[in-house]
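Peer 1: Two chains, two frames, some hints: make the complex.
Note that the protein sequences, when read in sequence, are chains A and B.
For what it's worth, this note's numbering labels the leading residue of the first sequence as 1, then goes sequentially.
For what it's worth, this note's numbering labels the leading residue of the second sequence as 462, then goes sequentially.
Among the hints, a few may not be true.
[Unchecked claim] If you want the footprint, here are the derived chain B segments under chain A, 3+ residues with CB under 8 Å: (1) 500-514; (2) 695-708; (3) 809-819; (4) 838-850.
[As the list claims (entries may be wrong)] Pairwise CB distance ranges, derived in the manner of DEER restraints: (5) B:Arg612 to A:Cys245: 36 to 44 Å; (6) A:Gly103 to B:Arg637: 54 to 62 Å; (7) A:Lys454 to B:Phe878: 30 to 38 Å.
For the record, the hints were derived by calculation from the structure and aren't laboratory data.
Since the model is a prediction, treat every value here as computed from it, not as a measurement.
All C-beta atoms in this analysis are idealised placements derived from N, C-alpha and C, irrespective of residue type, glycine included.
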Amino acid sequence: MNLVIFIFIVLLGFTSYYFGRKKAYSIQATNTRLTALPQFYGYYLAIWCAIPAFIIYSLWAIFEPSIVKLIILSDYSNQGYLDDELNLIYEKTKSLSRGQFSGEITTYLETSAEKYLNLRSIAQNSKVVLILAIIIASIVYGYKRISSNNRTREPVEKFLNAVLFTASLAAILTTIGIVFSLIFQTIDFFKVIPLFDFIFGTHWYPAKAFVRDASEPLDPSMYSDTFGAVPIFAGTFFIALIAMCVAIPIGLMSGIYLAEYASTKVRQYAKPLIEILAGIPTVVYGFFAALTVGPFLKDIGTAMGLEVSAESALAAGGVMGIMIIPFISSLSDDVITSVPQSLRDGSYAMGATKSETIKKVIFPAALPGIVGSILLGVSRAVGETMIVVMASGLAANLTFNPLESTSTITAQIVVILIGDQAFGDPKTQAAFALGMTLFLVTLSLNIFALRVVKKYREKYE
Amino acid sequence: MNKNKEKLLNSRYRAEKRFQFYGKSAIFLALLFLTIFIFKIFSTGYTAFQKTWLIVPVTFDAETMYLDENPSKEDLEDADYFDLALQTMFNLDKSASEKQQNDLKRMVSYFFEREIKRELLNDPSLIGKTKDVYLTASDDLDQVFKGNYPRDLPEDQRRVTDYQLKIFDQLVEQGRVESKFNLSFFTYPDSREAELAGIASSFMGSIFSILVCLVIAFPVAVLAAIYLEEFAPKNRFTDFIEVNINNLAAVPSIVFGLLGLGILLAVFQLPRSTPLVGGITLSLMTLPTIIIACRASLKAVPPSIREAALAMGASKMQTTMHHTVPLSMPGTLSGTIIGLAQALGETAPLILIGMVAFVNTIPGSPLDPAASLPVQIYIWAESAERGFVEKVSACIMVLLGFLIIMNLFAQIIRHKFEKKWS
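So here's chain B without its partners, still in its complex pose (with noise of 0.2 Å):
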């Protein structure tokens, strides 16, 4: 009998350790995909912040250029660098056959008639002379650089030639071919060439959308938080008021890209594939957001304050406007901050009002169209080119740090001047 009891005992006590574990292992495995996730988009993503020049010795020889003798700086403008640099190229083997003379030229992006000329014009005394110019490498070159694109495949499967390799080679056993800091990640716009796509056009495009979300979202937001928590009388409107401000929470994010579509774009005629459009989207969506995060710390306030300031004869709207609405203030600010923080994540609505145009020119206003980071991402996820596999997860990694900093932003607001009311 008593034998029988400790078995049970002993099952029981097994059962409580199995179900333990289980606990403990559903919080190891999300962890563990979190950590995964990480670990796969810094690997192969941080190879981008690199990128691969070729250093190339030009000749600036002033009859390649079509330029007389001591040339103006208007004439240097001017003047056609493209014979020049096809040269420059061309001299890496001069015993070149015209389809490796092809092979050399692809062998750098096609600004290098760019680079050469900025070279010039920074020193105009260059003429005649010959000196080491940095090209930027092809992006396949640059894959095989950094060991991302595989040499041993058969030479049809490949993008690169082995004449190139060849070429390649030799130039690195020259050292003629180092690797910086990709500056021009940040500073190119988007480009259907991996090694001159940057994300500057995004950038501008993401920091204009979500400017104008948060000039639209923010005040309505929170002058709807105020009316709903200090004002509104508690009847049917505002309980539907309020049962539509939580259903809007949870519509799914690719509606409101068919309500930008169908109204902002097909009835008010606003302009396609602009942040301007792509914010007023985000601003509807990130609006119940905000009036929740706001409502909860309006909330938060504690009613000693309001009886205080109208005991001292202070009117509703004062004792709102000057005591309530401060108070609740950092709560207000990191729930928009978050609620930014998500929009800026935002992909599908985006697509739909037409942001995921190629964009080549860096928007200057939310009226130029752009495209924004997370759309950045699906369209270089989208293309077939090697180089952009390393681009989509630099640029998810720009994405990420910007969540990262909003977020933790929003947290300092929240613990530094919250005020404790216990």
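Extracted from the complex, chain A is given alone in its bound form (with noise of 0.2 Å):
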């Protein structure tokens, strides 16, 4: 049914845009001169009629569950039930409605039920109806407009002007979205667990918060020392590090000698490639670290008298670390080229060799962008997760031996959420708020990455 009337609306917005044009001609036609092109006489139209209407249907989809579960609860509202009860009522009586239930059916959910689907049909109806009234009110008083000689050019521009901006809100409200997502979950969560023992705690066990049974009071004590934080931070720090160990050097070093060494037909092809390795999935990564790189780091490790973990942190920051390099290499790479020749030209001239040139001029030139580069890497490898989940441990151990096993915020977030969840859960909110901890850390990485790089741009340009 609500496809029906969308596509409806959808039909009569082109029809009308037709008749608007044909308005224009038959002005014209009179030797009236147009004040501007015909076809924006039809998308005035146009926009006339289905806009409105648009509106009116998708603020009635947003209101009318709410409306109709408050009509339905009302019923229920001196008779002292909880607010969980009442949802509960309002959740059977739906799926009665629909033939689905399977419970106990009293009479008061079937007088519920029945007025459930009288209210529905009544709102169906309505809407219909309302809708309907409100694309000829539209059509009509846009007509009129055309008819009396109207300017169509500037209010059609200006709705545009407003879809395009409207448009560019997304970025703000996707941001807004992800704190809002993470803050209430954040806050509840810290009603329960005090900020200081997440923050100082060593001991992180979310398993043994089990969910819990919604209608026992909550304890707090229940949870001491279960959801302190350190471990999985060290980890996904000490992770991050061992990334950065294998990115740098060797992003560094190949950016270097694809910007000031490479014949054009070396970075042709070797550039592309090294990039491949920034769009493989982290999956597939992951599945490499788990399957090739952990258990050959244990045999290389047994055989040099050593106890390697097969899920060691060496076998997820080495991969990640390759994941890395070309995000180094590519950015460092184009730091590097924008350095202006006369630097190199003066170094050269008194008569320093190309690495010195390198080392002494050109590198102290590009370290501000080279530091953005490698902080967004370690932005990068922070909110890695699924090769730290494949390949490392899921226990948060707190351990900075790089052949035991550790865990890492993002891969703390999976094992929590992953299978049901329950809202309102310690357990849950705590990933939650490990989200936020992560959003805060990289943004504020990100940010000040990005400030260095731009810094440096400008210096330059």
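Peer 2: Here is the structure:
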């Protein structure tokens, strides 16, 4: 039914475009000068036809369910039910009206279900009538405006401008959405677990906080020593460190080589090939780390008499480092190429070799940009999920031994939220609190890195 | 004095050589990783495109199927094939004990009943006759036949019994084991049994997610980019939007998963585990990528085009919509495809919104529960059975194939259609 209304509105919009244009031609035929091209008359009428109807349509879709719910539940309002119970009654009513209810059917429920169906059909009918009325009214209005030789280009363009502007708000809305989805759960979490315990506690066993019976009161002492995030902060930092130990030397050196030494031909082939590493999905790296690198390290370790866990921080961090190489190499390549040639020429004129020029002149000049690219790499490493989930352990050990398994913020979010989640449970909320931490950390890294890079660019442009 | 100078010069030249060597070896290492990586995936994965079949003589005995004489098509549909199928397997070794009979049954997939049924439905005249039928071998035997499974392990550490191996070797000798192209890998949905697991369900899930992502992200991103590049006044608010876009591009993907979970599932009550929610989540993630690409290509359109249009009396909106935007489309489209390729490989956000649920049906719409290719890789990689290792690699090959095609496509669009303005 909704789809039918939707298609109907769209079709009417198209037809009114032709009517509008036709009207414009007929005005033209009377030798009156048009104030805009004929198609603008069409657009004008189409907008008048479709937009008010769409607005009503979507408002209706948003508010109808809650209003129906309000009316249905008003029957139960003075019987002292709790909010949760009222919600349950409403759900039961809905499923009964759809004929999918399997529980005990009381007379109360039956009347409610009947009332529900009734209300829905009233709502549906009045929606159709209202939308039709709106369409007719707005088309008539628009048509009249056209007839009186109105200007049509300006309003149409203003409308388009408004649409463009609204689209550009999507980025802000997404950010707001992220913050909103994280903040409420995080606040609830810190109501139960003190912030201090979260930041400085050294035991992280979310499995201990099994899903609690909702009717029992929340007992904070149950969760003491459960959500201390130090082990996972340390693990995140540690794995990122290992990754950067692999990525910085290789990425930086290949960036320098590509920018300063490589012939055009080598550059043409080597650069895209290295960038392939950035395009490989992280789950593939994770599989590679778990299947190949982990056992390989273990074998080497056993041969050298070391005890290496099959899921070691080294395997996850190392593979993550490989993933980050292209970020650092491409960015530092860009930064180095944009160092002005005059600096190089000056250095060569003083008799410096190429490598001396790079080390003593170009590198210091490009340093801010290189630092920025490294920071972006770090933020990648901190936010990387699948490699750690698949290649390093899921238990949060507080260790700085690269041969043992550790866990990271991202991996713990996945561990907690995989499968069914119960909102309102400290365990689920813990994942959101971790997400908030992750968001803030990467956000500050990014802002800082982008600022450094930007400042640097301005210096030479 | 001179000697000292020469010495210094020589050591400086050596330092130069060393530095170059470091650079070369860095590139070499990066490419080496890539090669090892691809080699490893292909060497473990190529066998998954072959499937082992046991060719077993089936006697279509009407009595075992509880069929009357001259059964109709419906009778054949409804007939009981299980006993017939069991009997067929037991006939491989008539002297088998009860435990051995069980082993015999487990030499083939649990689809053996269906495979026999299909044979008879194709040719109802087979009743009373004997015909060789291809049955899917169990994944353990499949792995043994491909040489991926060590036969010399002690029996209690193997999933294949000595008895099964004996019968299997007899069949191999008689030429009754055959390896054919594994079509079911592409047409079957996911399964708990490695020999029957295919990528059809996750593939469709990926397609639906990407379509939803495209439908939402592309228009919004292009409109936003047009506004920011062509119309937006230079003020604080526009700067704020820009900062937002740049930051969103670097937010870890798992945070978008939390957004999908906390807003789309918890607040808007959209159905869990569906490509619809997955696609919306991915679209929020790809939005900044497309906006940035579109803005870059709008910026690359030279001002002379705009000035010419304005000089001819076009309004700002007409100039943009009729001239600037069409000219920027190649760059925008290739940026969009690259953004979609990124979204196609994304796993973590989809796990959070429940697309890891076990789905053994092929989704028909974005509202049906589904997995996606990368999530399928994760699910299979986590299962213990040996048969899944090659499946994971094969699935990775399919995924990488898609990514390569998409990136090539983006390159082609960029090079073929983009105008060079200098």
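Peer 1: Now, for every hint given, state plainly whether the structure supports it.
Peer 2: We went through each hint and held it up to the structure:
1. 500-514: holds (count 3)
2. 695-708: Coverage by chain A holds here, the residue count being 7 at a Cβ distance below 8 Å.
3. 809-819: holds (count 4)
4. 838-850: Result for this restraint: holds, n = 5.
5. B:Arg612 to A:Cys245: 36 to 44 Å: The hinted range 36 to 44 Å holds for Arg612 of chain B and Cys245 of chain A, with Cβ atoms some 42 Å apart.
6. A:Gly103 to B:Arg637: 54 to 62 Å: Distance hint for Gly103 of chain A, Arg637 of chain B holds at roughly 55 Å.
7. A:Lys454 to B:Phe878: 30 to 38 Å: Since the Cβ atoms of Lys454 of chain A and Phe878 of chain B sit about 32 Å apart, the hinted range of 30 to 38 Å holds.
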